[in-house]
Structures are given as structure tokens and as C-alpha cells.
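Undergrad: All chains, full assembly: derive it from the sequences and hints.
Chains as they are written, first to last, in my numbering: chain A, 1 to 163; chain B, 1001 to 1163; chain C, 2001 to 2163.
The reader is advised that the hints may include incorrect statements.
Said to hold, decoys possible - Okay, derived cross-link-like pairs now, DSS-like style, lysine-lysine, Cα gap no bigger than 25 Å in a straight line:
hint, chain 1, residue 1, chain 2, residue 2
1, A, 163, C, 2163
2, A, 161, B, 1161
3, C, 2085, A, 26
4, C, 2026, B, 1163
5, C, 2095, A, 33
6, C, 2082, C, 2095
7, A, 130, A, 88
8, B, 1163, C, 2163
FYI, nobody ran anything at the bench for these hints, they're computed from the structure.
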Amino acid sequence: MKKMMLAAAMMTGLAATAAQAQVAVKHIQPNEKSPIATGVWAGDTLYLSGQLADPVTPADVAKGTPAVYGDTKTQSLSIFNKIQKLLKEQGLDMKDVVKMTVFLAGDPANGGKLDFPGLQASYTQFFGTKDQPNKPARSAMQVAALVAPTALVEIEVIAVKGK
Amino acid sequence: MKKMMLAAAMMTGLAATAAQAQVAVKHIQPNEKSPIATGVWAGDTLYLSGQLADPVTPADVAKGTPAVYGDTKTQSLSIFNKIQKLLKEQGLDMKDVVKMTVFLAGDPANGGKLDFPGLQASYTQFFGTKDQPNKPARSAMQVAALVAPTALVEIEVIAVKGK
Amino acid sequence: MKKMMLAAAMMTGLAATAAQAQVAVKHIQPNEKSPIATGVWAGDTLYLSGQLADPVTPADVAKGTPAVYGDTKTQSLSIFNKIQKLLKEQGLDMKDVVKMTVFLAGDPANGGKLDFPGLQASYTQFFGTKDQPNKPARSAMQVAALVAPTALVEIEVIAVKGK
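TA: As C-alpha cells, then:
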């Protein structure tokens, strides 16, 4: 028993040390040209970069037409699909999102104001559903402008691989 | 001693595995109608959703008067009290707040500009006091608009259950 | 062997307990007059407060000239140098930044719009270089206003001490 007590004491020390050294950091940066990472793992926590929508209709150089990105609802849907894809590539899914921040730009189709119902219409397809009841902690607000002039929505999430 | 060394080696492995699997995620979402969680625990980290002020005077349907929310100082005080209550329900308190982000809307009473002294007047009642000397890492800025038209302040915090 | 199995079972329990209790929180608040912390450690995660630029030319009381802060590129460079210094004081460096949020104010020199190339010109000196290839997850946007009227940029980071 003495040996076991001693071993226990030793192990506790080892466990503490091991736990402190458990944070493996992994930068996901597949695109060399991108100045930022797609996301970064820190232990079981995945920080994803703010995501913008893909165009509904890409630019057509031959026709000379610009890319079309759609309204707040459409852009939000595109972003949530992108986030889901990025999470799945990392072995996670929407259920694992613990924190979300939504940066909205004023929507010209809404008199330059943020289109909250548009955001919600897409958001509620992924969070708090029968199949995926988890909801993240969230903040949402209208900013003065996003980096891309066509962007009406930017969404960043923190996801955690739970046990 | 050999047995102990072997046991030690085994334990270290076990400890590492145990540590990796330690992140219990818990979504606090008592209100079925709310599209977002009140907060989410990820291990020892609690992410709270951005909080808005409660009205100082609720709307009176009989009299036909709208809810009154007050100025930046008043709304900040309401929010800090809400955050404290939410933290206490989770076994935490203001001392455990590690990160805070403050989103201010332009205050009409301040010419449409952010009222930083108003925020600070309420903030300093909870952080950096004699009784509660801890201060969080913080960012604060004025956004274009918050989701609720009456809101002048939205505050989100990350709190951690320390040892 | 039985003893070892028992010891192993005990240790696993101890390790789990140890891991849960591993989060040491440390508030870095050297300046008593500052209402916020410079940063807060939570386990291996360091949350730094949003940083503003130092003036390129300090105010000169004798001459009656105000402090000069420079444009978006200049302010960003000042901030990244400040962040690097703060990280180094904590045993970290730019490579350890896992998440960054950039709040830009409209730059008068850019027609009141955000100066993204200005931000990038300074950012790319610290992230994704040959010597420091790591890039953080990042979101960047223009807010309505920062707390200091002279500020065009505020940057907050989360850094993690990896193994």
C-alpha cells in the first residue's frame, strides 16, 4: 500500500505536468497566399476565421457581369454551409460550436439597416433544430463596414471537441 | 521500482489521454424559444452570450407607454447585474471574468457618440474594486447598431473557473 | 499486476481530477490606474486586451502640439510591436497567436473608409513570414468608432502556449 501511495503521489505530479503540456496548437493554413489561417486548433478548441459568403452567381468575365452575393439571408446561408464544411473537415460539426459572433453590414435592401430576420432565417436551419438542438453563445451587431464591399455578413465561430 | 517505473509510464499515458478527453461541453439553453444559448461551458471556460439591458421601466400596455431603458450608464449597470447573476448561477462571479467585449451604440444623449464615461461609471463598480480587484482583458468600441433599437450597450464575457 | 491495475484505475481518476483543476487564472494588471487588465492567463491561454497605437510623435506641451498617431499602416505597426512586446513578457511570441480581431475606424486619409491594405502592410511583417510562418484565425471589420478619437486601429489577440 505504501508503494501505491507513493506511486499515487508521483502520478498526481505527472498528471499535473501532463495536463499543463496538453495544449497542442495546430495552424490550418492550406492556402499559402492567404494572409490568415482558415482556423487554429488550441487543444480541443478550434478558432475559425471570420467567414464571408461565396457568390450565388460567380462573375462572368466573358459577359462582363459581376459576382452576385445575394441578401443577408442568402449570404448567411452560404456562410453557415461553409462553416459546417470547415468543421466537418476537422472532425466537428455545428453541434460543437460554443461561441459565435455575427458582424452584419447595413443591407441596402433594408434601408441600410441590419437584416436580423434574414440572419435568423438561415441560422435557425442549423442551430436549435430537432436534429441539432445545440445553440451557441452568440453576439450579433451591425458594424460600419466589412472588408469586402459586397459582404453583408461575416461570421466567426469557436468550436470545441467535447467528450 | 521497475514496476513503479512501468506504472509511472502507463499513468503518464493515461493522464495524457484523460486530459485530452477532459473537455465537457454543456449548453445552457433553458429558454426553448430563444435561438441562442445563455452561455456554453467548454471545460472550465464559460462563454456567455452578449447581454442587453433590461428596461428600467417596463412597457405599460394599459397606459400605452413604451419600455424605458435609460442611458449608457444605466444600461451598463443593468447588464453587469445580469452578467453577475448568470455567473453566480454557474458557480462563478465577476472575479472569474477573463475577457470582456463591449459593443456600444451611439448615445443620442451624447450627440450620437459613444458614452465611454457612462460605461466606466458602471463597470468600475464591479471590477478593480477593493473587494473584487480582478480586472478582465477588454476591448470596447462603438458599432453601427445593436440588434435591439433601444439598446445602447451589449456586453459579452468569457469567464473561467480557476483553481 | 492486480496492484498495478488498481493503481492505474486510481491514477486515471486522479489524473481526471488534476486535469479539471489545472486552469490557473492570472490577471496581469500592473497599472493600478488602468480599469482593465493588460491581459489574463487562463491555463495556457492568454487573452490580451485590445491594443491601441502609441503616438509616433508625442504631444509637446511647451510647443502646444498634439500627439501624432499616423495612418492605419503606421498605427498597425505600432500595435503589432506592442503586442509582440507584451507576448514576450509572458514567454510567448507572435507564433503563439491563435486568434486576432481587428477593429478598424474609417481613415480620413482614405475617404473615411477602412484602409485594409494599410493594415495588411504591417500585419504581413509579423505573420506568415519565412521566419514566422504561423498565421492566426482572424476577423477584421470597420466599426463606427474606437474609444480614443485618434485611434484608427484596435487589435486584440488570444495566444496559447503550445507544447
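Undergrad: Now tell me, hint by hint, if it's right for this structure.
TA: Okay, the hints, checked on the actual structure:
1. 163/A to 2163/C: holds, 21 Å
2. 161/A to 1161/B: holds, 19 Å
3. 2085/C to 26/A: holds, 23 Å
4. 2026/C to 1163/B: Satisfied, since the Cα-Cα distance of roughly 10 Å is no more than 25 Å.
5. 2095/C to 33/A: holds, 18 Å
6. 2082/C to 2095/C: holds, 15 Å
7. 130/A to 88/A: holds, 20 Å
8. 1163/B to 2163/C: holds, 21 Å
Figure legend: structure checked against the earlier numbered hints; every hint is met.
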